[in-house]
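Enquirer: Chains as they are written, first to last, in my numbering: chain A, 30 to 659; chain B, 93 to 395.
Read the hints as simulated data drawn from the structure, not as lab findings. Each hint can be trusted.
Sample of chain A residues facing chain B (criterion: CB under 8 Å; computed from the structure): (1) Leu399; (2) Pro419; (3) Leu424; (4) Thr434; (5) Ala435; (6) Ala441; (7) Leu449; (8) Gly453; (9) Leu539; (10) Thr584.
Virtual Cβ for every residue (Gly too), placed ideally from N, Cα, C.
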Amino acid sequence: MNDPILTLLTAIIAALVGLGALGVVWPPLARQSAGYTTAGLAGLAALLAMLALLLDDSPATLALPLGLPGAAFRLVLDPVAAFFAVLTFAAGAATSASAAASDGRPAATDDPAAALAALPVCLAGLGLAVLAADGLARGTGFAMAGGAIWAMGAADRTSAAQLGVTLLAAASVIVAYGAPTTMVLLAALLGPGALAGLVPLHAWRAPAHRATAPAAALLSGAVVPAAIYTMLRMLFDPTGAAPPGWWSLPLLALGATSVVAGGLAATRRAELDTALAAGTVRQTGLIAIGLGIALTARATDLPGVAAMALGAVLLLAALQAVCGTLLPLVAGAIRQGAGTRRLDRLGGLVHRMPITTACLLAGLFGIAALPPGAGFAAIWLLFQALLALPHAGSLPFQLLLCALTAVLGLAAALASASLLRLVGVVCLGRPRTPRAAAADEPTRRARRPLLALATTVTLLGVFVGLLLRLLADAPIRALTGTGLGPRASLLGLAPGAESPGYAALPLASLLLLAAGLVLWLRRLRGVPSHTVSGPAWEGGFAAPPAWLPFGNPATQSAGAGFAPVLAWCAWHPLRRTALVRGLALLCRTALPRRSAPLRHRAALPRLPAPAVALILVAALLALCAWAGTT
Amino acid sequence: MIFLLASFVQAVHIALVLAAAPVVVGLQRWTGARLAGRTGPELRQPWRDLARLARKHPTLAENASPLFRTAPLACFAAMAVAAALVPSFTLGMAFAPLADLLVLAGLLAFARAALAMAALDAGTAAGGLAASRTASLACLAEPALFLVILTLGLLGGTTNLDLLIGQQHQGMLQPPAAAALAAASLVAVALAGSDATGQTSEFSGGDLALIELAEALRMLVWYDLIGALFLPLGMAEQGAGPLDWAVGLAAWGVRLVVLVAGLAALRCATGRLRLGRTPQLLGIAAVMGLLAALLVLASAVAA
Chain A
30 MNDPILTLLT AIIAALVGLG ALGVVWPPLA RQSAGYTTAG LAGLAALLAM
80 LALLLDDSPA TLALPLGLPG AAFRLVLDPV AAFFAVLTFA AGAATSASAA
130 ASDGRPAATD DPAAALAALP VCLAGLGLAV LAADGLARGT GFAMAGGAIW
180 AMGAADRTSA AQLGVTLLAA ASVIVAYGAP TTMVLLAALL GPGALAGLVP
230 LHAWRAPAHR ATAPAAALLS GAVVPAAIYT MLRMLFDPTG AAPPGWWSLP
280 LLALGATSVV AGGLAATRRA ELDTALAAGT VRQTGLIAIG LGIALTARAT
330 DLPGVAAMAL GAVLLLAALQ AVCGTLLPLV AGAIRQGAGT RRLDRLGGLV
380 HRMPITTACL LAGLFGIAAL PPGAGFAAIW LLFQALLALP HAGSLPFQLL
430 LCALTAVLGL AAALASASLL RLVGVVCLGR PRTPRAAAAD EPTRRARRPL
480 LALATTVTLL GVFVGLLLRL LADAPIRALT GTGLGPRASL LGLAPGAESP
530 GYAALPLASL LLLAAGLVLW LRRLRGVPSH TVSGPAWEGG FAAPPAWLPF
580 GNPATQSAGA GFAPVLAWCA WHPLRRTALV RGLALLCRTA LPRRSAPLRH
630 RAALPRLPAP AVALILVAAL LALCAWAGTT
Chain B
93 MIFLLASFVQ AVHIALVLAA APVVVGLQRW TGARLAGRTG PELRQPWRDL
143 ARLARKHPTL AENASPLFRT APLACFAAMA VAAALVPSFT LGMAFAPLAD
193 LLVLAGLLAF ARAALAMAAL DAGTAAGGLA ASRTASLACL AEPALFLVIL
243 TLGLLGGTTN LDLLIGQQHQ GMLQPPAAAA LAAASLVAVA LAGSDATGQT
293 SEFSGGDLAL IELAEALRML VWYDLIGALF LPLGMAEQGA GPLDWAVGLA
343 AWGVRLVVLV AGLAALRCAT GRLRLGRTPQ LLGIAAVMGL LAALLVLASA
393 VAA
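One chain only, chain A, in its complex shape (with noise of 0.2 Å):
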């Protein structure tokens, strides 16, 4: 059943091709109706390919009359590629409605026609790219797709970066098809890998999200995904034995330090699309935290544990299609409608856009780690593979994983933070402008995507078991032969068959039934459910002048202090580099601080007492238990 469902999905590629190549020749074409088009024709390839993981067939290939000489371009259509092309194409339909829905309007930033000439070329080329056999297809397929998104933006330098990275991908697949095994950790690395926003080459993503909000949805949401199938494809395919163990080191370093630097750059930054943007980085952390893991596991022959990981990773995906298509258009529907994106002209847009707002905070809800949301199955499913990993490794590897699990912490709280800071400061509180305060919501046509990928994240927490059950089981067993099995079901998730775990269906059942209750109770009290409205208490401050309609800005927080100040390398020279902004907060959360005055003089710290005990016991401990090991 897989052979007739890639030559679809191969004629759905050529047929947007097509669509993109009438665009251009003719621009009026690139209306409305082509958008809508594109949206058509990915949800179809989406279905398609949904229906190809369903039905579990044995993987299809196909040669096209393509490519070099001697090197035809090969499709191939397996579990894994099916479960990323649902991913890619899905995020591609709703990214094509929601731009041809937002096409018309006056926009002073936006350029809908170049999007929707531009967008089923960049679909076409993701979907080549997922769905590639060989280097050569999957790097035309890259470099297609960055070029569409390249002619979407405003071609500026920014938008060069982008397309710099994009081709640099492309260029490290081509390279590392047949190379020696080494080559392809670094190639996976530094191509795919600084794709879908990697420290150390991950400063592209924060300007190029403020392109247009297509190109941003594009970006984050179908992008990353096809760029982690690439890593995936990459680190787990190439050989068919496992690779070396020390290939998962690289992995998790990166992956712990993008999620402390995009983390505690989405509690700083003043914009909300960079903002948005360093979530991605913290994101694409944590789905390279879960690839480390996995890679860990599968060189100490630990499949359940690996299929955990990557379950994890999958599911990170799956999240980063939904949420990173989501939130980048939100914020485009917030500019437009509220005319910026600084967080400090914003505010109080949830009386002006309600249904915009409920979209902010569905989208960020869903990649915090709070329950019952699907960002904190995927950091349940981490942690619980990083508990059963120990067992393999020896004192040193096990120190590293402690130091990972204390970096899933800190991503869960610096993703509420980041949560709470975006969604209060842009939609709550008081507007800060009067042109916050005449917001506009977006079309019924234009809110329709943002609805449907809200719910669907909604959805993904509640029913996250279900989906990784259905979904995700084939890929993850021909990735490393070992399915989740009874570890996801419809009630949520466990560490292994007949142990508790994660049940994320019965606890959101519960917790609507909490608050339920106490609504009833309220009405069986018969309390009046009228309510009386004042001002707001200031804390016994005078209300404010007549000249100051929308009160004293100064007074309301513009998000600042979200996330612990690093204070000893404000003025370091490298503060800059994300090492060092991770080495400092876990410096400031291991050492009590020093006394104020001296926080800029002293060249080194003085540590009280207690600490330099308890680093001296550590450091003993760890000796001890390094001698015993040899």
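Assemble the complex: chain A is given as a structure, and chain B must be docked to it using the hints.
Expert: Here is chain B on its own, set in the frame of chain A:
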């Protein structure tokens, strides 16, 4: 039959916890006042306050959004579910398979986030400051909490609270030093979290009652968690009879009184924790959590 029994015990537990939470707050205040040389309010006073508040209808800030009325509900629901999951007098309750430690941490974070969201909604200076402080402190508390959960998971081979307490009850969480360090770390996290208030100034009426009840439940969850994980003496096992339950109830009461008194004495001795010192406390909690995990790993290697 077993399921019916488990459901009955679960229902009793929920009723007890809901009834006891305000009394525990009263006990806390009374002990604190006695240690400071004052008479202190009656134990029932928090209950009276709640009843009084619940009768009033709330006054909202002018620019409050629908989210402002939802937040107390969400906060209370999360804390009520968390309180229902942490065992008090017996193991083997109906919700025991749901009681994962990470889920508990998540529910605490959920309640915290809901409250902070409402604090930002009013658009006041105090609310914004309190919300950002909460988020920022969580960045230090969560790593410590995750390290403690890792330690317990390594000790017991599971993150399920019921199974962990069962193992502790039979003295199987070895080495005890690691468990003690983990407990100390949890106490530090609980202490640091207990001062991050100041977000409730905009609430009134029934909403405020819900939030105060949720806050009381949060304290009780911490007491129950620390008490049951590290001092599960007298707790009834799964499938026990009414006599064991009575013993478990008495032991629960004693444990609560001891923990409340201990914490009150600690507070009396150290004074109120300054805001600037909270990160320091959390840093120490994280180091203790790391040390506990190290102890477990090192002892596993040595064995």
